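S.K.: With these hints in hand, go ahead and build the complete structure from the sequences.
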Amino acid sequence: MTARSFAIYGKGGSGKSTIAAALSSAFADLGLRVLHIGCDPKADSSRPLVRHGRVRSVMGTALATRLLDASSVLVRGIKGITCVEAGGPEPGVGCAGRGISRTFELLAELGVSLGSYDVVVYDVLGDVVCGGFAVPMREGHARYVAVTVSGTGMSLFAANNILRAVRRFHRNGVRLAGLIGNYHTGEAFRDRVPRFAGATGTSVLVEIPFDPQVQKAEEQRATILDWRPRGATARAVRRLASRLLELGDPPPPRPLEAEAFERFLAPARRGRRATR
Numbered sequence: 022m023t024a025r026s027f028a029i030y031g032k033g034g035s036g037k038s039t040i041a042a043a044l045s046s047a048f049a050d051l052g053l054r055v056l057h058i059g060c061d062p063k064a065d066s067s068r069p070l071v072r073h074g075r076v077r078s079v080m081g082t083a084l085a086t087r088l089l090d091a092s093s094v095l096v097r098g099i100k101g102i103t104c105v106e107a108g109g110p111e112p113g114v115g116c117a118g119r120g121i122s123r124t125f126e127l128l129a130e131l132g133v134s135l136g137s138y139d140v141v142v143y144d145v146l147g148d149v150v151c152g153g154f155a156v157p158m159r160e161g162h163a164r165y166v167a168v169t170v171s172g173t174g175m176s177l178f179a180a181n182n183i184l185r186a187v188r189r190f191h192r193n194g195v196r197l198a199g200l201i202g203n204y205h206t207g208e209a210f211r212d213r214v215p216r217f218a219g220a221t222g223t224s225v226l227v228e229i230p231f232d233p234q235v236q237k238a239e240e241q242r243a244t245i246l247d248w249r250p251r252g253a254t255a256r257a258v259r260r261l262a263s264r265l266l267e268l269g270d271p272p273p274p275r276p277l278e279a280e281a282f283e284r285f286l287a288p289a290r291r292g293r294r295a296t297r
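Under our numbering, the final residue of the sequence shown carries the number 297; numbering is consecutive throughout.
Certain hints may be false.
What the hints assert, rightly or not - Okay, derived cross-link-like pairs now, BS3-like style, lysine-lysine, Cα gap no bigger than 27 Å in a straight line:
1) Lys100 x Lys237
2) Lys100 x Lys63
3) Lys237 x Lys63
No lab work stands behind these hints, which were simulated from the structure alone.
Since we're looking at a predicted model, the values are computed, not measured.
M.R.: Set out below in structure tokens:
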């Protein structure tokens, strides 16, 4: 297992890919050798790190050629960051989770040593923590898991399921780093994230308020760290990178059971009805 390896999980739309790419950039700024692995069928996690063209996915390349080699799937991005995209099957065909599993098998067959990097960042879809999407945890590739979350019920529901997986694989050496609060404009339930952290025995690593510059950075194929390096969001990402590098051996999380989760959401629901 790489000494410093971080899997960023989160519900689709939670900002996990944006944060994962910015984290890789922040780690590179610290002089670390970084491997960024996108574990999402969209294969777009490394887009802000590779300014021109597109990283060919491991699965797409494997299907297109029999002469697969490391140079065909490892792409050097900004600041020397090495980028890999797992990819997946065509929509409606096959299993995306299996594509991620096969990607790790192929990387091993190609002699790609994760241990040759100082930091490995995994960007992992977390709507459904099936066996394939849990590979970074199940097979011990990722030492720490950080979960991007907003205060919405569905975002917290996905986070709670991810915490279940982290607890299951705690025996494999996987540890929950904590939560990353990433908020939408005008979000009404920001207070839920620290409450959820307390209820599940973890902490909030950093809170990132809504920043319209993030979308502008994405339009320019840049991370927010490189687009507005002195902005509040960039400073938050640097704090997050520092906190991740300082992590020790946190205890396993305490995910909420179904009824407890419903009770957790209930106060806000009652409050909304009361204001109508």
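S.K.: Are the hints correct? Go through all of them and say.
M.R.: Checked hints:
1. Lys100 x Lys237: Holds - the C-alpha atoms of Lys237 and Lys100 are around 21 Å apart, at most 27 Å.
2. Lys100 x Lys63: Roughly 23 Å between the alpha carbons, so the hint for Lys100 and Lys63 holds.
3. Lys237 x Lys63: holds (20 Å)
Going down the numbered hints, you'll see the structure goes against none, and every one checks out.
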